[in-house]
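Q: Sequence:
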Amino acid sequence: MRRILETVYSRLLKAYGPQNWWPAEEPFEVMVGAVLTQNTAWLNVEKAISNLKQMHELDAAELLDLGDDELAELIRPSGYFNVKTRRLKNLCQWIIEAGGLAALSGTDTATLRESLLSINGIGPETADDILLYAFERPVFVIDVYTRRLFSRLGLIRGDEDYETLRHLFESALPDNVPLYNEYHALIVRHAKEKCSQARNCRHCQVESITVQHRPFNAG
DNA sequence: ACCCAGGGTCATA
DNA sequence: TATGACCATGGG
261 MRRILETVYS
271 RLLKAYGPQN
281 WWPAEEPFEV
291 MVGAVLTQNT
301 AWLNVEKAIS
311 NLKQMHELDA
321 AELLDLGDDE
331 LAELIRPSGY
341 FNVKTRRLKN
351 LCQWIIEAGG
361 LAALSGTDTA
371 TLRESLLSIN
381 GIGPETADDI
391 LLYAFERPVF
401 VIDVYTRRLF
411 SRLGLIRGDE
421 DYETLRHLFE
431 SALPDNVPLY
441 NEYHALIVRH
451 AKEKCSQARN
461 CRHCQVESIT
471 VQHRPFNAG
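Mind the numbering: the first sequence is residues 261 to 479 in my numbering, read in order.
Calculated directly from the structure, the hints in this document are not laboratory data. Check the hints yourself; a few may be wrong.
Within a straight-line C-alpha distance of at most 30 Å, the following computed DSBU-like cross-link-like pairs (lysine-lysine) qualify [as the list claims (entries may be wrong)]:
id: 1; residue 1: Lys452; residue 2: Lys307
id: 2; residue 1: Lys452; residue 2: Lys313
id: 3; residue 1: Lys452; residue 2: Lys274
Produce the complete structure using the sequences and hints provided.
A: Given below as structure tokens:
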């Protein structure tokens, strides 16, 4: 498994180059973006974050001071604005109660993950985006693109539990934050690629991998 | 005019 | 446990 995952990674990297995620300037902006991008095109999230940054310093206390209607209006372009207003405030409240991001950065990864998941509106994927891209913890993010790519390659079925897949990838790969960072970013980059139907497009360079069966006498 | 995008929660069976 | 409804904008 490890071998094939490294092969896929190297092909992705060769096809698309480093993606240098997350597209944000600071950890709190990563966290906000992770909530706003739930089932939403990133382009719309950029508009919402741009609105927030124009009107306010981007920090938890500042967002909590906004009225719900005011915050909702600012993040309107990202869709689900009423739901996301609640979720953002839940996240901000959690940060404040914990004593800020600096205090949270001292928490071990498993505890931090459980704590994030206890926030209403933060599910496994959003939590892992935050853990990996804001707190720089070695957590492999599972999303629909990950399921789609690796089920196409015949490595998974695609409908496994989130935790099942996360553990599969994390146990097959070394704990390596830059690797997990780049891997997930490349999967998303790859998913946006439209296959031109022409042979040798970048999409097919990645997905045409043949899964090698281990010879019977190889141990 | 349609379709879906870097999900998650809640109610129901 | 497992489906289904719901949230909502903007780009292709």
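Q: All hints, please: hold or fail.
A: Cross-check of the supplied hints:
1. Of the supplied pair hints, the one linking Lys452 and Lys307 holds, its CA atoms being roughly 19 Å apart against a limit of 30 Å.
2. With a C-alpha separation of about 27 Å, the suggested pairing of Lys452 with Lys313 holds against the 30 Å cut-off.
3. Distance hint between Lys452 and Lys274 is fulfilled; the C-alpha atoms sit about 16 Å from each other, no more than 30 Å.
In summary, this structure violates none of the numbered hints.
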